[in-house]
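So the protein lines, in turn, are chains B and U.
At position 53 of the first sequence the residue is numbered 53 (this note's numbering), and the sequence of numbers has no breaks.
At position 197 of the second sequence the residue is numbered 197 (this note's numbering), and the sequence of numbers has no breaks.
Read the hints as simulated data drawn from the structure, not as lab findings.
Careful: at least some of the hints might be erroneous.
What the hints assert, rightly or not - Heads up, incomplete: computed chain B residues facing chain U, CB under 8 Å, no partners named:
1) P59
2) A91
3) L111
Claimed, not checked - Derived DMTMM-like pairs (lysine to aspartate or glutamate); straight-line CA-CA distance at most 25 Å:
4) K177(U) <-> D56(B)
5) K86(B) <-> E72(B)
6) K237(U) <-> D71(U)
7) K177(U) <-> E60(B)
8) K194(B) <-> D214(B)
9) K177(U) <-> D121(B)
10) K196(B) <-> D245(B)
11) K138(B) <-> D103(B)
12) K196(B) <-> D135(B)
13) K86(B) <-> D71(U)
14) K196(B) <-> D167(B)
Claimed, not checked - Which stretches of chain B does chain U cover? Using the computed rule of at least three CB atoms under 8 Å from a CB of chain U, they are:
15) 125-134
16) 158-170
17) 185-197
Remember, it's a predicted structure, so these values are computed and weren't measured experimentally.
Glycine included, every Cβ here is placed at the ideal spot set by N, Cα and C.
Chain by chain, the residues run as shown.
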Amino acid sequence: MVDHILEVADLTLRYGGQTALNGISFAVPRFEIFSIIGPAQSGKSSLLRILNRTIDFNPEARVTGSVLLDGEQVLTTPHVHDLRRKVGMVAPLPVGLPLSIYDNVAFAPRLAGVHNKSDLDGLVESCLRQAALWDEVKDRLSQLGTRLSGGQQQRLTIARALSHSPDLLCLDEFSIAIDPVTTMRIEEVLRELKTKITIILVTNLIQQARRLSDRTLFLWNGSIIEQGTTEAMFSEHPANSLTYDYIRGAFG
Amino acid sequence: MRPVMAPSPTARRFAETPAIARRRRQERVARRLLGGGLILSLLPLFAILFYLVWQAAPLLSWRFLVESPRDGMRAGGLWPALLGTLYLVGAALAAATPVGILAAVYLNEYAQPGRFSRIVGLAVINLAGVPSIVHALFGLGAFVAFAGLGRSILAASLTLAVMSLPVIIASTTEALKSVPQSFREASWNLGATRWQTTWHIVLPNAMPGIFTGIILMVSRTAGETAPVLFTGAVFYKSIAGGDLFAYGLLDQCMALSVHLFTVSTQVPNVPDALPYAIAVVLVATVLGVNALSIALRVYLRSRKNW
Chain B
1 MVDHILEVAD LTLRYGGQTA LNGISFAVPR FEIFSIIGPA QSGKSSLLRI
51 LNRTIDFNPE ARVTGSVLLD GEQVLTTPHV HDLRRKVGMV APLPVGLPLS
101 IYDNVAFAPR LAGVHNKSDL DGLVESCLRQ AALWDEVKDR LSQLGTRLSG
151 GQQQRLTIAR ALSHSPDLLC LDEFSIAIDP VTTMRIEEVL RELKTKITII
201 LVTNLIQQAR RLSDRTLFLW NGSIIEQGTT EAMFSEHPAN SLTYDYIRGA
251 FG
Chain U
1 MRPVMAPSPT ARRFAETPAI ARRRRQERVA RRLLGGGLIL SLLPLFAILF
51 YLVWQAAPLL SWRFLVESPR DGMRAGGLWP ALLGTLYLVG AALAAATPVG
101 ILAAVYLNEY AQPGRFSRIV GLAVINLAGV PSIVHALFGL GAFVAFAGLG
151 RSILAASLTL AVMSLPVIIA STTEALKSVP QSFREASWNL GATRWQTTWH
201 IVLPNAMPGI FTGIILMVSR TAGETAPVLF TGAVFYKSIA GGDLFAYGLL
251 DQCMALSVHL FTVSTQVPNV PDALPYAIAV VLVATVLGVN ALSIALRVYL
301 RSRKNW
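When you get a sec, could you build the whole thing from the sequences and use the hints?
What follows is the structure, given as C-alpha cells:
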C-alpha cells in the first residue's frame, strides 16, 4: 500500500463558462518528486492554486471534486491559513517581498507567533542552507531581498516556502527566469529535500521532469492525458501517442 | 576565401536620408511644443506668487503674523485667522485621514470586485466633484444643527473632513493599486491573512502615495471659504496674539480665507497691501504644510523596497 500525501479525485475547475480542469484524478506518494508537464493553458498553475486555496481570490472560479491532503479535505476546510502553511509555494517569477533577506524568511514564522530571536535566527539559517543560499547571503541578511539576482531571489523564495515547514512543496516553473547553472543547483537542492518533504514540480522543461521526478503527469487542455512513473512516460512506448509526441517535441 | 571588401572611400555611411531629416524636424517641433506647454503653465503660477509678494511687501513682518487685528481690521496682524486655519485643517485632517484610509483599504483589499464596489468607487469619485457650498449646507444641517455642535471649530472641521474624504479615498485607492499584486500573492501563499498582508506588505509600500492624497487634502481645505463660513468661522474674534492654545474645539474662530474675503469686500478703507498680505500668508501656510508632507513622502520613497 503506497502512502499518498495528496489524493485528488474528479477535480473540476471552471472560470465562468470556461472549463480549466476537467474531472482530473491523481495521487502523489509521500517523499517523491511528482512532476506535472503540459503546454501553456493546460491548467497546471490553476491546479497549484487549488492545492493551497489561493484560487479563492478569483471570484470567477468554481471548484468541484475532492482534494485530500494528508486525509484532510482541502476544498472545504475552514482552516485555510493553516492549509497554506502546509503547502509551500514557489512562483514562476521570483517575488522577493519588499523586506530584508532575513525578514523574507522570518515572515511566515513571525505570522505564526514565533518572535524569539534565537529561534528565528536558527530557522532562517536552516531554511537558507536548505535552499543553498546561506553562504552567499550570510553576511548581508539585512539587505533587501528584492535586490538579489534572479537566481538568488528564486532560492530565497524556496527558503521562504520552507520557513513554515510545509509537508508539500509546489514549484511552478521555477527555472523560467534563471540561468542553467542556478537551475542545476536548485535541482540538486530538490533532490536533497525529497527525503524530508514531498515535491510537486510544474515544469515546461520536459528534460527537467525526466531528470528529477519519480512520477510524471501529462496535463493537456485541462485533462490528464497520461500519468505514471517517469521511466514509463519517457520510454519509447508510453501508453498514449500524444505523450510520445509532446515529449519528443512534436507539439507544445 | 572571399576577399574582404574595403568600404568605398566616397561612401558617407551615416548620410542623412530625407526620412531621417523629417524625423529630426519632428523631434525638434515636439520638443518646443511640449516645452512651451510647460512654460505656459508655470508662468501664471510664478506671476501670481510674484505679484502677491510684491503687493504685500510693505506689510509682511513677523509681527503681522503674531498680532491680532486692530482698528476694525485695518491694521495689526492676522494671528486669530492663521491659528483658526491651522486648527480647522488639523482637526479635519485628524478626522478624515483615518476614516478615508480605512474605507480605501476595505474597498481595495477586502471588498469582492464586482458591481457593488464599482458603484461605490464611482460614488466616491462623484462625491469629490460636489461643490463646496453644498458641503457647507450639509455641514450646517448635520453638524451645527442636528448634532448640536453649534457653529464651532469642530462642526467646521468635520464639514471640511467630509468634503475631503473622497479625495483621500481616491488617492489612497490609487496608492494601494500601485503595490504589485504579486506581493499579496506571495504573502497569501505563506499563510498570511488579508489583514496581515495589508498591514505588513501593502500599507508600508503604499505610504508615499497615501501621503500624496493628504497633501492634496490640506491644499484644498486650507483655502475653502464657504464651508467654514457656514459652520464655524466668524469675521472677527479677539484672542491673545501668539497664543497657540487660544481656541477650544467648540469655539468659533477666524480663518484666513474668510478673513481675506472680509477685508477685501466688507471693510472700507483698508490699506492696499492688507488683502495681499493675507493671501501671501494663506499661500505660505498651504505651501509650508505641503513641504512638510512632501519631505515625509520623499523620505518614505527613499526607503522604497523594490
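How the hints compare with the structure:
no.: 1; hint: P59; in the structure: holds, 5 Å
no.: 2; hint: A91; in the structure: holds, 7 Å
no.: 3; hint: L111; in the structure: holds, 5 Å
no.: 4; hint: K177(U) <-> D56(B); in the structure: holds, 20 Å
no.: 5; hint: K86(B) <-> E72(B); in the structure: holds, 11 Å
no.: 6; hint: K237(U) <-> D71(U); in the structure: holds, 13 Å
no.: 7; hint: K177(U) <-> E60(B); in the structure: holds, 20 Å
no.: 8; hint: K194(B) <-> D214(B); in the structure: holds, 10 Å
no.: 9; hint: K177(U) <-> D121(B); in the structure: violated, 34 Å
no.: 10; hint: K196(B) <-> D245(B); in the structure: violated, 34 Å
no.: 11; hint: K138(B) <-> D103(B); in the structure: holds, 13 Å
no.: 12; hint: K196(B) <-> D135(B); in the structure: holds, 22 Å
no.: 13; hint: K86(B) <-> D71(U); in the structure: violated, 78 Å
no.: 14; hint: K196(B) <-> D167(B); in the structure: holds, 8 Å
no.: 15; hint: 125-134; in the structure: violated (count 0)
no.: 16; hint: 158-170; in the structure: holds (count 4)
no.: 17; hint: 185-197; in the structure: violated (count 0)
Hint compliance for this structure: hints 9, 10, 13, 15, 17 are broken, all remaining hints hold.
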